[in-house]
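Chemist: Make a model of the complete structure from these sequences and hints.
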Amino acid sequence: MLHIVFVFLLATVVLSSAYRPVVLMHGIISNAAGMEELADWIRTSFPGTYVRSIEIGNGKTDSFLMPINRQIEEFCDTIYSDDHLRQGFNLLGYSQGSMIVRGAVERCSLPVYNLITLSGLHQGIFGIPYLLQLPEEYRELITKYAYESQVQNLVSSANYWHDPYQLDKYISDCNFLPDINNEGEVQNEIYRSNMLKLNAFVMTISDIDEIIVPKESGWFMGYKPNSLDIETWNNSRQFTEDLIGLRTLWEQGKIFTFTSHVRHQDVTHGPNRDFILENIFPFFNNTIS
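Numbers -18 to -1, 1 to 271, taken from mature numbering (1 follows the signal peptide of the UniProt record, and there is no 0), label the letters of the sequence shown in order.
Please note that the accuracy of each hint is not assured.
What the hints assert, rightly or not - Each computed DSS-like pair below joins lysine-lysine, with the alpha-carbon atoms no more than 25 Å apart:
no., residue 1, residue 2
1, K179, K236
2, K126, K151
3, K151, K206
4, K126, K206
5, K126, K42
As the list claims (entries may be wrong) - Simulated restraints, written as ranges between beta carbons of each label pair:
no., residue 1, residue 2, range
6, T269, T239, 21 to 31 Å
7, G166, C90, 15 to 25 Å
8, S209, A(-1), 48 to 58 Å
9, R25, E171, 33 to 43 Å
10, I110, A15, 26 to 36 Å
11, F263, A15, 16 to 26 Å
12, L210, D65, 41 to 51 Å
13, I153, D65, 35 to 45 Å
14, G41, D248, 12 to 22 Å
15, E130, G166, 17 to 27 Å
16, E56, G30, 24 to 34 Å
These are calculated hints, taken from the structure and not from any lab test. As the structure is a prediction and not an experimental result, all values here were calculated from the model. We put the CB at the ideal spot given by N, CA and C, even for glycine.
Modeler: Written out as structure tokens, the structure is:
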């Protein structure tokens, strides 16, 4: 009889606490299947975890031919419609996916516990290598006409093209990044307050990233005005003015940064497995009671 009671109590404890669900968002020119290897690692390490890899529209094509603002709207609609995620979840975005997941946290007030971005683009991009992922006919549109409204409404990369030599046009005509980074004359306090609800904000870069320019963008470090010199973390406007709460999160010990050593295309795949298991998986090891 005592044995039966013990088994019942043990089962009750297990059922009353489960690993938080994990939501994954892929990068540009990719789809949900591109995150499946990472999803399998999570399911193996944390049995029973609900893992949702989200794909917007038709994946590869819409990832670059749908403006980021609309991608975020569709992402949030998908989250809202999933009953498994109502009690909260951990959220991970890779490359362009880092823009979508952070935008979703700021704009949609999602119940995110830990926010993780792998090789992200938080300060945008300004360089040819990233554009080589796009069909050739779209590359010149970005380099020459990124801030024209037709291009802003056509190619997702234009929405986070951060030209240090055209900062006025960037602020006034770039439809996405200046807003989500609270860089305008009027800041959106909701964005900041939603970021401050996070338990942890985890950001990684790769020291040999051949695609993201500058690669330090993944840590909110972009080019200085009218220069190709990288600004330092504690001297950036994002940090000194605490535009979305980064300085506050840092002071609270909630920001974690890591450096991997793989090509950009390998960030969520086998060559980066040990790095992810060691540095990222501890942020999935939490439960909902």
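Chemist: Next step is simple, just say for each hint if it's right about the structure.
Modeler: Structure-based check of all given hints:
1. K179 - K236: Roughly 10 Å between the alpha carbons, so the hint for K179 and K236 holds.
2. K126 - K151: Holds, at about 13 Å.
3. K151 - K206: holds (16 Å)
4. K126 - K206: Given that 25 Å is the threshold and the Cα spacing comes to 20 Å, the pair holds.
5. K126 - K42: Distance of about 24 Å is within 25 Å: holds.
6. T269 - T239: 21 to 31 Å: Given range 21 to 31 Å: holds, Cβ gap about 25 Å.
7. G166 - C90: 15 to 25 Å: With a Cβ separation near 20 Å, G166 and C90 satisfy 15 to 25 Å, so the hint holds.
8. S209 - A(-1): 48 to 58 Å: At 49 Å between Cβs, range holds.
9. R25 - E171: 33 to 43 Å: holds (38 Å)
10. I110 - A15: 26 to 36 Å: holds (27 Å)
11. F263 - A15: 16 to 26 Å: Distance hint for F263, A15 holds at roughly 21 Å.
12. L210 - D65: 41 to 51 Å: holds (48 Å)
13. I153 - D65: 35 to 45 Å: 40 Å Cβ-Cβ, so the 35 to 45 Å window holds.
14. G41 - D248: 12 to 22 Å: holds (20 Å)
15. E130 - G166: 17 to 27 Å: For E130 and G166 the Cβ distance comes to about 19 Å; the hint holds.
16. E56 - G30: 24 to 34 Å: Since the Cβ atoms of E56 and G30 sit about 28 Å apart, the hinted range of 24 to 34 Å holds.
The earlier numbered hints are all upheld by this structure, with none contradicted.
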